[in-house]
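Engineer: Residues per chain, in single letters:
There are 4 protein chains.
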Amino acid sequence: MSDLKIERGQKTFDLICLGRVAVDFNPVDYNKPLSECTTFKKYLGGSPANIAVGLSKLKGKVGFFARVSDDQFGDFVTDYFKKENIDTSHISRCTGGEKIGLTFTEIKSPNESSILMYRNCAADLSLSPDDIDEKYIESGAALLISGTSLAKSPSREAALKAAELAKKFGLTVIFDIDYRPYNWTSLDEITVYYSIVAEMADILLGSREEFDLTERFFGLDGTDFTSASYWHKKGVKLLVIKHGKEGSNAFVKDGKKYKVLPMPIKKLKGFGGGDGYASALLYGLTQGWELPDALEFGAASASLLIASHACSEDMPNEAKIRNYLNEIHSQSKEGYVTEI
Amino acid sequence: MSDLKIERGQKTFDLICLGRVAVDFNPVDYNKPLSECTTFKKYLGGSPANIAVGLSKLKGKVGFFARVSDDQFGDFVTDYFKKENIDTSHISRCTGGEKIGLTFTEIKSPNESSILMYRNCAADLSLSPDDIDEKYIESGAALLISGTSLAKSPSREAALKAAELAKKFGLTVIFDIDYRPYNWTSLDEITVYYSIVAEMADILLGSREEFDLTERFFGLDGTDFTSASYWHKKGVKLLVIKHGKEGSNAFVKDGKKYKVLPMPIKKLKGFGGGDGYASALLYGLTQGWELPDALEFGAASASLLIASHACSEDMPNEAKIRNYLNEIHSQSKEGYVTEI
Amino acid sequence: MSDLKIERGQKTFDLICLGRVAVDFNPVDYNKPLSECTTFKKYLGGSPANIAVGLSKLKGKVGFFARVSDDQFGDFVTDYFKKENIDTSHISRCTGGEKIGLTFTEIKSPNESSILMYRNCAADLSLSPDDIDEKYIESGAALLISGTSLAKSPSREAALKAAELAKKFGLTVIFDIDYRPYNWTSLDEITVYYSIVAEMADILLGSREEFDLTERFFGLDGTDFTSASYWHKKGVKLLVIKHGKEGSNAFVKDGKKYKVLPMPIKKLKGFGGGDGYASALLYGLTQGWELPDALEFGAASASLLIASHACSEDMPNEAKIRNYLNEIHSQSKEGYVTEI
Amino acid sequence: MSDLKIERGQKTFDLICLGRVAVDFNPVDYNKPLSECTTFKKYLGGSPANIAVGLSKLKGKVGFFARVSDDQFGDFVTDYFKKENIDTSHISRCTGGEKIGLTFTEIKSPNESSILMYRNCAADLSLSPDDIDEKYIESGAALLISGTSLAKSPSREAALKAAELAKKFGLTVIFDIDYRPYNWTSLDEITVYYSIVAEMADILLGSREEFDLTERFFGLDGTDFTSASYWHKKGVKLLVIKHGKEGSNAFVKDGKKYKVLPMPIKKLKGFGGGDGYASALLYGLTQGWELPDALEFGAASASLLIASHACSEDMPNEAKIRNYLNEIHSQSKEGYVTEI
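Chains as they are written, first to last, in this note's numbering: chain A, 12 to 351; chain B, 12 to 351; chain C, 12 to 351; chain D, 12 to 351.
Honestly, the hints are just simulated from the structure, not real lab data. Remember, it's a predicted structure, so these values are computed and weren't measured experimentally. Among these hints, one or two may not hold up.
The list treats identical chains as one, so a pair stands whether inside a single copy or across any two.
Said to hold, decoys possible - In silico BS3-like pairs for lysine-lysine, Cα to Cα no more than 30 Å straight-line: (1) K146 - K331; (2) K278 - K331; (3) K93 - K119; (4) K344 - K43; (5) K256 - K93; (6) K267 - K178; (7) K94 - K52; (8) K268 - K331; (9) K43 - K93; (10) K43 - K94; (11) K119 - K268; (12) K179 - K278; (13) K119 - K94; (14) K331 - K93; (15) K277 - K16; (16) K245 - K119; (17) K52 - K248; (18) K22 - K278; (19) K93 - K264; (20) K270 - K43; (21) K16 - K52.
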């Protein structure tokens, strides 16, 4: 497993995340259309922000590159990060009136969730190459680029610069494709930037659909095996390809392959699982765990998240994940991670 | 009073409003900074939308020109208008991804309110001159232009076109200055457009500060008397100049002047009063009431609004205003509207 | 004629123009499609700039509000204005990379001219309300607004502010409609702003098509008589409505009407005539001439211009116009200006 | 030399160029400031367009990806390409009012040239990923990306897509850095995109300053040797680094290095040489010449260009270059290309 281990060593941070910090408004009176919901709870949100909170809850050391709005919501998210021991030295305020992205979630039923996003002039997309401090990059063992940061300039160039510097300094580069249709102008634009960053990555995380978007130019056949073979040749060490309710597959450059099955849980909502997965998986890698163990830990966190009202607020600590794993293992002898 | 009466006659609508429809999120756990509030109630908002609801609650017939977002919040506000018997035939959906404006209110104490607005690419500012249907204008007895609609093209040109057509068809033109700093690029821009519409108006409603903004080019002395004299010469029939907690002054072209004092109430928040005032005052004018009676009715509605959690949802009907007036008159012999 | 006289009195300038300064490139090898022309002469251009040069050649005192590019073409036009004794104290440089507008003229034959304009991010449209110096306005006897300045913000607001201040200080306001399709986004937008400025004007100059554009909202019948009657009621003192090769009609508020016939000339190109007309007509008004004399003088300048290669460079002085008038009067007893 | 040969084989084109097509206006009355020049000759311009013309004059088969304006200048450049036997099947017209870029050249003296560019809403920068036809890419032996195409979206993504497809189909990718400060928003943005394309290139052409811009993130020492070593490791086969009047250096991945000295000529202007160099050098590579021969041929074309009024119009054919080389070789025994 040495090849996948994220070794902090003398570095300050296990992981530096780059991308969107948002505010989620989740309805309290859910199980109906959003237009009819009257009361909402406010949470920190945004995929890389959730991952940062998740890893920090697991005692990982986390840094962040972001722009947040110069208003009360900017205060809220910065205060929240501080409370969660995430370093905020490289989270700065917007100066052009950009507003932090909002996500209003619609939970019609446990299996019918959708979101209404406010992403016009979003604060996170104003992250600038000037914000990308070379010394800060150097102080991390790994860098996670959220694909949403590539949707628009200048955040796009900030992310590309960060990735180039991360390569220069030998960080593990993680690309979480995190596709959101907002702000992109064409499918080709998506493929252009996803494929550039995917080629620079050591670890690629995404759904099957996200891999398809990334590979549109290359004439692949849309199977996980072909994707793995293509990206391993480009230098990617680990791919995790998610298939929603069917679970996920993981492919290591050395040839090992794993199937990860979903775990039993009483589901509340259809989102948030991916961020739990990523944070707990990456935690396992920082600990040098064997990959199957890290994958199982990730899948358990994902399962807990889709049973919770919030994404950030409900990120589990290690004890909570362990308890859950013990519980489901006691109910079934079957393993959730198997080599294929 | 005949000169000020808004006579519906054969027209379909007493009033057609033009401008922003928004969604308000008011904290349930108020009396603290917004960043610390965790739970919010969702209401229809936006000054002209609130006025429309207020007048409709008083049994006025109301039409509306607006653009709202093509999402669940657009559904919410349209459904709300329908429920309140406001005509929605000229409320259409945005096509360019514009989002309905949001207002998060911060109520630190009854006297310290502020707002955090989401107005980037706001739906209402995408109202286009093409949306301004000449026949619809002709079907109204009065047109209310909210000054916020002038902040940006193409809404700006839509409002100017509507005002020009309203003049052509002899509607009473009401200009509610409704200054919001968002979206404007300079003070001169504000004065240019405010003064153009003020010259076209029959009725001008605004705070002292809003009148000052409107008059910046003209070398006036900043007193209500000078403002009244200036705008009466330009053809304005009625000015209502508001002074916050001190009450307001009203000036009629025929020379009559009135002082309106604030009424006793247990205040919850510092906003919403102006929309109550406008809707109840305009209701009085549609009924052909004497101006002092209409002003008192307006002031009573304003008073009830600042004691309520919502702006739209809590717009009073006639009975509620009458009861409140009876109550305060029973407590004090002093009148709230006096000729000066 | 006293009502139309532009009386300089104690003022510094007979006329202050506001709007576009451009550079014209006219082919030397003309009478073929522009794509095939190989050699071009460079001239100062832009309708209000040409009018300024024309009036200055006639010894009028001229000021100007403009933004020009911060490059060699900005130098060229500023130097040219200085050479022609036009005041350049209120011509400033762009700071955002805007470029001075270019006009490449295509002269396929004397009767088939067209233009290829470079007006993206045009310098003149960056004129800002901050550039409109109240004292400078006060120092003019008349202000000429070119309609092109209304096509886009912030030039639009600069022009509206200038017109409002000109009204405040009692200047004669001249609105030269000067319609150019570039930069406008809709017909309604055109009508909105043209009609606002036309209402503020003392003198309206335009082609029949330009008047039609201005009057779209008002249900007029498209005849010059109806236009005159409508705008006289709004306060306009003089309308000059141009009909291309058929000549033009002039309407005075006191009821007098004149027909102006085209004068015989060997035509080179189909443009530039209007600017000659305006400058010489306005010159006549500054001199307190009877209107028919001023109109004849204008028509003569127009005639000389369409026989010349340049618009600015070939603006005639008084002697040249007088000589031409003597010549055509010696050839024909018929008058070119007749009361109708 | 086999490694550098651009082998057309069964392909339709030796070279497909991607990027800007412009129109140059060069003063006839030069050797003075541009503001004082009165007469201009119009030529096809733009670095990749000049290279295309140069290679086509040398009997190479050339294709082109471009957007040009939908006006007479768009006609001019398309007609010019057709006349020069350049394929125009993938040159399409802009639909959003973008205008073809203009370059007004200022030739104060043979050694003091500068340019005034019109690049706001430039036609070439509206090239879209949708314009990049996979089959067309496949039909070329080589693709030349001009760095200017990377300055702005959507041209930036079109160029990146073209480069990715060229890699897929095994074309020789040539990156001509061609730095123009217009349209770029920051130095970091430049480095981000230049370095991405440089990593994909087989052949890199640029001045020392252009290489410095490309390498800003990587801590190199600014010498040609270090650049060569860095980019060879990334896979670049040939670097040509230009040093203005001092000549240029060429570095081959196999370790060979050459110095190219400037050739004697009576210079007229300070630009255009680079495009002559590139077209003649690439011609040599399509012919499978030894690199020193191709470099000498390139340097000769460069020399002829700086002695000419136009860039495109004066691109030499093979006989003209041969004659010039014979002439200078007869004057001096010294060679112009030496191994170092």
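Engineer: Which constraints among the numbered hints does this structure fail? Numbers only, ascending.
Structural biologist: Violated: hints 1, 4, 5, 11, 12, 15, 16, 17, 18, 19, 20 and 21.
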